[in-house]
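Residue numbers (numbering that gives the first Met the number 0), protein chains in the order written: chain A, 0 to 203; chain B, 0 to 180.
Rather than coming from a laboratory, the hints here were simulated on the basis of the structure. Among the clues, some could well be false.
[Stated by the list, open to error] In silico negatives: residues of chain B with every beta carbon more than 10 Å from chain A: (1) F25; (2) T41; (3) E73; (4) G90; (5) G121; (6) P126; (7) T128; (8) I139; (9) A147; (10) G149.
[What the hints assert, rightly or not] Footprint (simulated), chain A over chain B, 3 or more residues, beta carbon under 8 Å: (11) 56-67; (12) 169-176.
[As the list claims (entries may be wrong)] Derived Cβ-Cβ restraints for the label pairs, each shown as a range: (13) L42/B with V154/A: 21 to 31 Å; (14) T97/B with A174/A: 16 to 26 Å; (15) P126/B with A174/A: 46 to 56 Å; (16) N115/B with A47/A: 45 to 55 Å; (17) E24/A with T35/B: 20 to 30 Å.
Glycine included, each C-beta is placed from N, C-alpha and C at the ideal position.
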Amino acid sequence: MIHPSPPSRVVLARTARRRGLTLVELLLAISGSAVIGAAIVAMLTASAYATDEANDMRALVVRHKTISARLAANIRESKQVLATGTDYLVLWVADSDGDEVPSLMEIRRIERDNASSTLRIRDANPAATDVVYTLTDNFTTITDTLASGSDFPSVDLAEQASALSFTFNDGDPTAATLVTVRYTVTEGKFTDQHVVTARLRNAP
Amino acid sequence: MRSSPPATTAPRPRCRAGSRCKRHAFTLIEVLIASTILAFVTLAVVNAIAAGQQQTIAALDDGRTAALAEATLEEVLALPYTDPDGDTTIGPDSGESTRSDFDALDDYHGWSQAANSITDPGGTNYPDTFQSLQRAVTVIDQTQSIAALGGDHTGRLITVTVTDPGGRTVTLQRFIAQPPA
């Protein structure tokens, strides 16, 4: 009589004989893939960081271009410096009413607000009542007072600006023909100072 | 009665511990080739990233070079065409040795600033990031034919050249026509 061996036994026997990974092999494989994985992660992190930096730097290039173009345009169309100090420059744009003295409608102030680190430009509100000044007036205090009211509103020029300073080609800023502006802006990881020189309209 | 065990249960010849096994593993050459390929691929990726970074840094540097050139031209143009002392020869007049003494645009002819001595018109140093640049100005007499303005005009051609440490230059030129007497 033939007793066929139960198939389950055959399967069991085969399974039992199949050789699995030993613990050492498994550990080696895991640590190998861990090293490769860590290397890939490090590479991706580095490339992401580099991409971030490159983006910040490109943004900085563009910001320098736009900020310096606007600063230069504001200075070039102005006639004379009226007052200057840390973080601000008061310009007499033009003697549009022809009375040879500055008035509220004719002045402009380029400034940096320390609290918000913002570069901004103030012009008179066209709806305000014009005030006539004399050239010997203290335009620092005049514009400081005006800035707190609604007659001298500001337009933002740049954010994250950590410094703004002005130098002139004459010891007396009101007699200068060239204004050099230095400003520092931050973009992501980069903080960079840029310089722009522009001549006033009273220059030949 | 027992039958002979079925063939399927016969032990197949297999690798046993201690036996010399015919299992195929990677040879040293294969591993070396694989790691060389991996190294080249990694190198290419790293190079691509680094090149992108270099381009961006170059763009920032070019921006500074251009800004300095613009500032220099602006400085020259702030002076009158005609010398108030009546001097008509190009170049600084006698007794006008420094830029603060210049009183006409032709006085800037031959003026230059070397690296690490870049200053603004007021004499204040530029930031360090600009100090690797150098600049030079030339002013020459020139006649330009401007059809729209009815033919030849005499005047002066101002050329501003700013050179970066890599030898790349930004050159700006401006022709200023002689004002009517």
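Hint by hint, here is what the structure shows:
no., hint, verdict
1, F25, "holds, 13 Å"
2, T41, "violated, 7 Å"
3, E73, "violated, 5 Å"
4, G90, "holds, 19 Å"
5, G121, "violated, 4 Å"
6, P126, "violated, 4 Å"
7, T128, "violated, 7 Å"
8, I139, "holds, 20 Å"
9, A147, "holds, 23 Å"
10, G149, "holds, 24 Å"
11, 56-67, "holds (count 7)"
12, 169-176, "violated (count 0)"
13, L42/B with V154/A: 21 to 31 Å, "violated, 50 Å"
14, T97/B with A174/A: 16 to 26 Å, "holds, 18 Å"
15, P126/B with A174/A: 46 to 56 Å, "violated, 26 Å"
16, N115/B with A47/A: 45 to 55 Å, "violated, 37 Å"
17, E24/A with T35/B: 20 to 30 Å, "holds, 26 Å"
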